[in-house]
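Number of protein chains: 2
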Amino acid sequence: MTSALSDQDPSRRINPAPHSTQSLDVDGERLWQTLMELAEIGGTPRGGCNRQALTELDRQGRELLIRWCEAEGLEVRFDAIGNIFARRAGREDSADPIVIGSHIDTQPTGGKYDGCFGVLAALEVIRTLNAGGIETERPIELVSWTNEEGCRFAPCMMGSGVFAGQVALEDALSRTDADGVTAGEALKAIGYVGDNTACPTRFAGYLEAHIEQGPILEDTGDTIGVVTGALGLKWFDVTITGMAAHSGSTPMHLRQDALLGATRIVEAVNRIAQSHQPDGRGTVGAFQLLPNSRNVIPGQVILSVDFRHSESEVLETMVAEFRRALDEIVGDSALGIDVTPTADYPPQHFHPECIAAVRQGALAGGYAHRDIVSGAGHDAVFIGDIAPAAMIFIPCEKGISHNEAEYATPEDITAGANVLLHATLSLAGVGE
Amino acid sequence: MTSALSDQDPSRRINPAPHSTQSLDVDGERLWQTLMELAEIGGTPRGGCNRQALTELDRQGRELLIRWCEAEGLEVRFDAIGNIFARRAGREDSADPIVIGSHIDTQPTGGKYDGCFGVLAALEVIRTLNAGGIETERPIELVSWTNEEGCRFAPCMMGSGVFAGQVALEDALSRTDADGVTAGEALKAIGYVGDNTACPTRFAGYLEAHIEQGPILEDTGDTIGVVTGALGLKWFDVTITGMAAHSGSTPMHLRQDALLGATRIVEAVNRIAQSHQPDGRGTVGAFQLLPNSRNVIPGQVILSVDFRHSESEVLETMVAEFRRALDEIVGDSALGIDVTPTADYPPQHFHPECIAAVRQGALAGGYAHRDIVSGAGHDAVFIGDIAPAAMIFIPCEKGISHNEAEYATPEDITAGANVLLHATLSLAGVGE
Chain A
578 MTSALSDQDP SRRINPAPHS TQSLDVDGER LWQTLMELAE IGGTPRGGCN RQALTELDRQ
638 GRELLIRWCE AEGLEVRFDA IGNIFARRAG REDSADPIVI GSHIDTQPTG GKYDGCFGVL
698 AALEVIRTLN AGGIETERPI ELVSWTNEEG CRFAPCMMGS GVFAGQVALE DALSRTDADG
758 VTAGEALKAI GYVGDNTACP TRFAGYLEAH IEQGPILEDT GDTIGVVTGA LGLKWFDVTI
818 TGMAAHSGST PMHLRQDALL GATRIVEAVN RIAQSHQPDG RGTVGAFQLL PNSRNVIPGQ
878 VILSVDFRHS ESEVLETMVA EFRRALDEIV GDSALGIDVT PTADYPPQHF HPECIAAVRQ
938 GALAGGYAHR DIVSGAGHDA VFIGDIAPAA MIFIPCEKGI SHNEAEYATP EDITAGANVL
998 LHATLSLAGV GE
Chain B
578 MTSALSDQDP SRRINPAPHS TQSLDVDGER LWQTLMELAE IGGTPRGGCN RQALTELDRQ
638 GRELLIRWCE AEGLEVRFDA IGNIFARRAG REDSADPIVI GSHIDTQPTG GKYDGCFGVL
698 AALEVIRTLN AGGIETERPI ELVSWTNEEG CRFAPCMMGS GVFAGQVALE DALSRTDADG
758 VTAGEALKAI GYVGDNTACP TRFAGYLEAH IEQGPILEDT GDTIGVVTGA LGLKWFDVTI
818 TGMAAHSGST PMHLRQDALL GATRIVEAVN RIAQSHQPDG RGTVGAFQLL PNSRNVIPGQ
878 VILSVDFRHS ESEVLETMVA EFRRALDEIV GDSALGIDVT PTADYPPQHF HPECIAAVRQ
938 GALAGGYAHR DIVSGAGHDA VFIGDIAPAA MIFIPCEKGI SHNEAEYATP EDITAGANVL
998 LHATLSLAGV GE
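Quick note, the sequences are listed as chains A and B, same order. Heads up: the first sequence begins at 578 in the working numbering, then just goes up one per residue. Heads up: the second sequence begins at 578 in the working numbering, then just goes up one per residue.
FYI, nobody ran anything at the bench for these hints, they're computed from the structure. Check before you lean on any hint, since a few could be wrong.
[Said to hold, decoys possible] If you want a taste of the chain A side facing chain B, the calculated C-beta under 10 Å gives, among others: (1) Asp-796; (2) Gly-798; (3) Gln-851; (4) Val-861; (5) Pro-868; (6) Val-878; (7) Ala-920; (8) Ala-953; (9) Ser-978.
All C-beta atoms in this analysis are idealised placements derived from N, C-alpha and C, irrespective of residue type, glycine included.
Starting from the given sequences, assemble the full structure and let the hints guide the process.
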């Protein structure tokens, strides 16, 4: 699949909205009410949402979304992995569509905003266009991707991964949940095995609005993050082996303390990330001691290492620095070390014209904004490999997500939807 | 209870053995065979021993030990917590006895030597005296303390703790194992509820031979450790609290990574111990991350701290340095910290005359020896509070103990028993 945008006359790419749409605004209150209504399906006592992929609650959420789409006159289809597309015709209806959306499945203790904001902001864009009687050159497709969270069925971003050819359909359908039910069986049970031929295969552009799931916008006081790409990541499992021994009877100079080696690794990971700012990230998140007893010197530590950066070359440099640091740590000691790579995803660079459309949308709305790189995975990261794509971030309180306490203000929700509206109009073209 | 030694005529305290006992040697092969025979009760396929306190196997081990003692003409009694005493009369039979022994209970995956060596070396001393027709001034009591290991019923060193008044009898008997059986019920079930009035209450001296359970003697090439005391210890639980957050979307400068704080604590504990050598010990043995997920910045770390030293004042200094280090670590960060003391035992200084008797025994045998401080707890540490006491250490391979791989050579076993023999003769006095 290639960029449909690049096939177009350059003069059409960024299509300044005519006066009639420049002042167009979404109905923030309607969007907020819609978000709250969807969140009731799987709503938790602590204000979050538990609506995991391909469950009965997911089915109910899909039904509600489809009812809303059909009320707007959209043509609803779904594909073989259950991704839902809802089409609003364009003036040039055979042109590749501009696709907008995200996902509506949640984590077990998820919030109301992760994913749902992007899908319902897309719905609000369409409602606003319909209410204003505005036609676009290109058709617009709302999309809701299947199983972005990956908590019931691994991997995450399953629906967009299958769509983008990163995950084989048969592989995805064969994945099982904790009860041994396959994703294919679950998809069939909720009635969402669809037909790929009824769905779009080429996107002229893809835009996804999402809560940031991080603290940057809150920290800088910006309302809109113009997402220019996503960090690549490299993950490792590291095992450091020393010698377990009695903490009382073993003098300091005769110890082989695996925890001391692990401590130096934690410091190296952080030092390396700090030296590649602003985009470098280095995290040791999982850490297990053996035998993990208060009066035994740790004989072994198993820990995870997570490096991320926006540029492939820098990510490679970080890993090279890490391997040198490990050599030094082991070289200084009697410790043994084993390093196993466990994941490797390259950085994603979103499409300049899609990024520009988002930035222009933020400027048009008068919103404080900044460029930002997504540190987390999103459906847009897979879709960005096969179509021009970009994302719009809005702040979420304290950066908290995947948590019932997740929160975004109605004002920021409205702002994000307005930016999506104007970026979509810009890419889809306003036919007068 | 006061030292009976101090009541004696100084000229009697270190009683040079007459020529007839100076060349006396234990029968190393007999001792080794006895050790191996006891180890068959609860023997494990991997060559270790699982004979936990107050089990049916413990009963069988006790029966075998008593059979051996009675074959030597010893008078066997046991007290209310099941400590076994086996008495060899002295020429001055009303004098307080010299008591020698250790324990025969093991860890679940214990070895053949921990404890059993001390009890059977004591038996071998008595066998050797009997075979040589040697009388001592003072009576000699072999002792086998109940439940030194504490793995089925906490606390460890239960029998000696009750005897020394450090643990209340009722408290000890009320402790339950994992199945809810009390120590009192288990003691009754194996038939070892005895009578305190039949047992000694004052010891003129107490000697315990034991494997080192550490690597020092092996490292220095010494055969005998003249144990001058035991390290005191202070334990703490430390909780460091930061903020859990996504490892991809949270930039380095906005993190509150609890693991980074914990890392600095591990370093401080080791640095403080290193600065108080040779006796300082500092260990972080238990370490738990929350949520402990590879793509989440650690929000909390709970860790244990174990400080030990041979001198109370230095141990206090180490803790003061630790508290200052924690203040610095927290002061530099947004982390919260909570410190809870969980154990506090003062150092034990063994009795100079008992120590001298052990040293003299090592010299008499021509064994390479050195003074050593026990880093682990032993029955002698409790008994040292109520009677003159000392210990004899022999090397164990790689310092490994509480492990089926635990090993001591027949040569070192014999050497340790010979030192016990001559130190016992010295303290008990040889009547000619």
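Query raised in the report: If you take the shortest Cβ to Cβ gap from Ser-978/A to chain B, is it below 10 Å?
Result: holds, 7 Å
Query raised in the report: Taking 10 Å as the limit, does the beta-carbon of Ala-953/A come near enough to a beta-carbon in chain B?
Result: holds, 5 Å
Query raised in the report: Taking 10 Å as the limit, does the beta-carbon of Gln-851/A come near enough to a beta-carbon in chain B?
Result: holds, 6 Å
Query raised in the report: Quick one, is the Val-861/A hint okay against chain B at 10 Å, beta carbons?
Result: holds, 6 Å
Report task. Would you check whether Val-878/A satisfies its interface hint, that is, whether its CB is within less than 10 Å of any CB in chain B? Result -> holds, 8 Å
Requested in this report: Classify the hint on Gly-798/A as holds or violated, based on whether any CB of chain B lies nearer than 10 Å to its CB.
Outcome: violated, 14 Å
Requested in this report: Could you check if Ala-920/A really has its C-beta closer than 10 Å to a C-beta on chain B?
Outcome: Since the shortest Cβ distance to chain B is 9 Å, the answer is holds.
Query raised in the report: Taking 10 Å as the limit, does the beta-carbon of Pro-868/A come near enough to a beta-carbon in chain B?
Result: Interface hint status for Pro-868/A: holds (8 Å vs cutoff 10 Å).
Query raised in the report: Regarding the hint that Asp-796/A lies at the interface with chain B, is the smallest CB-CB distance below 10 Å?
Result: holds, 6 Å
Of the numbered hints stated above, the single one contradicted by the structure is hint 2.
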